[in-house]
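One-letter residues, chain by chain:
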Amino acid sequence: MRIAIASGKGGTGKTTAAVALARVMGSCVLVDCDVEAPNAHLFLNPEVQNTQDAYVMIPEVDDGKCTGCGECSRVCQFNALAVLGKSVLVFNELCHGCGGCVLACEPKAITEGGRLIGTMQWGKAGDLDFYDAKLRIGEPMSPPLIKALKHQAELSEAENTILDCPPGTTCPMVEAVGGADYCILVTEPTPFGLHDLNMAYQTVQELGIPAGVILNRAGMGDDCIQNYCKANGIPILLEIPHSREIAEGYAAGKDILSSMPSLEDGFKKVINTISEGLNNG
Amino acid sequence: MAETGKAKTITIISGKGGTGKTSVTAAFASLAAPVVVADCDVDAANLHLLLSPEVEKSVDFYAMPIARINQDLCVGCGLCNDLCRYEAIVVQDDNYSVDPLACEACLVCKEHCPEQAIGTVERQAGYWFLSQARTGPMVHASLGIAQENSGKLVTEVRKAAAEVAEKEKLGLVLVDGPPGIGCAVMASLTGADLVIAVTEATQSGLKDLIRVNDLCNHFKIPIHIIVNKCDLNPEVTQAVRKWAQEAEAPIIGEIPYDTDFTKAMIEAKTIVEYKSSRIGDELKSIWNTVLETMKSIV
Ligand code: SF4
Ligand code: SF4
Ligand code: SF4
Ligand code: SF4
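Listed in order, the protein sequences are those of chains H and G.
Just so we're on the same page, our numbering is the position in the first sequence counted from 1, plus 53.
Just so we're on the same page, our numbering is the position in the second sequence counted from 1, plus 7.
Bear in mind the hints are in silico, worked out from the structure with no lab data behind them.
Don't take every hint at face value.
[What the hints assert, rightly or not] Computed list of lysine to aspartate or glutamate pairs in DMTMM-like fashion (alpha-carbon distance at most 25 Å, straight line):
(1) G/K159 <-> H/E146
(2) G/K249 <-> G/D221
(3) H/K118 <-> G/E118
(4) H/K307 <-> G/D265
(5) G/K291 <-> G/D238
(6) G/K227 <-> H/E146
(7) G/K276 <-> H/D276
(8) G/K270 <-> H/D276
(9) H/K307 <-> G/D238
Chain H on its own, in the form it takes in the complex (with noise of 0.2 Å):
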């Protein structure tokens, strides 16, 4: 079973809900797919067992056999390339690694070189195989490294997956709910919450993945979530009472089970109402 965790508003608690839902199953794999803003492992301390860097293809051109002859740059439909005589520049992150170029130059004068996007690690917390990749200052692309790093950790053996994903409903959270068997949507009770809970909702429809809502800080706005989920037929997993308590405890680094015990229960619902729908389902 792979599960997403998402939403459309940074800040909702994405990543509180991932770290307790993993722990209140035991032997699983975390993936932290927030790569641009990493933060699952404060709150896990995982043991680092190994680190490798991600690369994205970028093309390396030999001048001494450049001809000039343009098809490199007319081929990019990224604008990473400009011939100036009878040698190219190449703007790396521009560059999306599509292997045009290569394929293009007649005179074989590009060959593959690699642009590091990010460093990805992996190790174990507890009983948990913890994954988790940080995106390279200044690069902008984040999805290949959310591949990246998803690829490696299907290599674990346990079989139960949780994605902690980054925030928004553009390609990067689109890459990391890709494969998921269910989307958890968390999110707050207001206005904010409430308008980007409606877009995360639709992606997650668009890319065909059942969805339901963790609404975190119940009681902090109104009831428009609940009002929401009722009318398009989304059942609410959980409700996480608003409380300074886990504010403060979160400040400082605190996982929420530590902070309120008493959710545990409500975390284990969770997770057998999703096994037994995607089992009956």
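Position chain G with the ligands relative to chain H; hints supplied.
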């Protein structure tokens, strides 16, 4: 703000999501009005929920065209599938098609298909709007579901905001930037005269602040910091202060943890428009510091 010359831009970012960046931007907009506001957090655009803009002009936004296979011409040779590096070609019973969510729009398949069976489809990915809000002109956007990363749309929003500032002779643009450190953040930092990072006094907030500061350093842009939820954990707040001092990133304001932000949001008001509150007063004094800071750096 000066009424002549090019408008100055203050860009507000956060690293971590949910730190209160948009609420702070909206408060500044109230205090600076009339001012141009640009919502560059196009991925989770929320500023309009506080500033209630009336749309005056809506412009279609097109993403890069993606590949489409013409089934009548395709002979099923499989070359496109071999060449595509994004697993975007779907093969089902010898039928070849393109998964629009996976397609990167590189058009390598189109270039090499021996039958010229591959064409392109335009994708209308969203809109951007030129509006009138309570605080003055506002440029914002709405991105379709599951679209590609939003850097290009952010750039259009930013440019439109600069244009409207010039046209209406307004001296200041406030940009609400996206969270994270990726392509959309970079696109919203371009052209900023002052960058303010709104963080929260939590372990996660500090970690993400450090990364966003690294990003700004990478582009040689100095940042100023506002610490939200500064009274949750004195130790963490102390750690943020210590880090800021060492990083030479001045803290220009601290805001206590307060649910008034939420209450104001539910009434669709900015915190300074909402009944008098201690954080409203706090934001007024932070805004004065921002104005002073602007004078000293530009
Ligand atoms: S690999 Fe693709 S994106 Fe990169 S430079 Fe070559 S053609 Fe352009
Ligand atoms: S396609 Fe090859 S030969 Fe032609 S300009 Fe590019 S690198 Fe040079
Ligand atoms: S390369 Fe062209 S002809 Fe060959 S399978 Fe792809 S679309 Fe069909
Ligand atoms: S355009 Fe590029 S990504 Fe899209 S299907 Fe063709 S080769 Fe694959």
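Results of checking the hints against the structure:
Proposed proximity of G/K159 and H/E146 is supported: the alpha carbons are some 14 Å apart, at most 25 Å. Between G/K249 and G/D221 the alpha-carbon distance is near 16 Å, which keeps this suggested pair within the 25 Å criterion. Between H/K118 and G/E118 the CA atoms are separated by roughly 23 Å; this keeps the pair inside 25 Å, and the hint holds. Restraint check for H/K307 and G/D265: satisfied, since their Cα atoms lie roughly 21 Å apart, inside the 25 Å limit.
A distance of roughly 19 Å separates the Cα atoms of G/K291 and G/D238; the hinted pair therefore holds under the 25 Å criterion. Restraint check: the Cα-Cα separation between G/K227 and H/E146 comes to about 17 Å, which is no more than 25 Å; the hinted pair holds. A threshold of 25 Å between alpha carbons decides the hint, and for G/K276 with H/D276 the separation of about 18 Å falls inside it, so the pair holds. Note on G/K270 and H/D276: the hinted pairing holds, with a Cα-Cα distance of about 13 Å set against a maximum of 25 Å.
Between H/K307 and G/D238, the direct Cα distance comes to roughly 16 Å. Compliance with the 25 Å bound is thereby established for this hinted pair.
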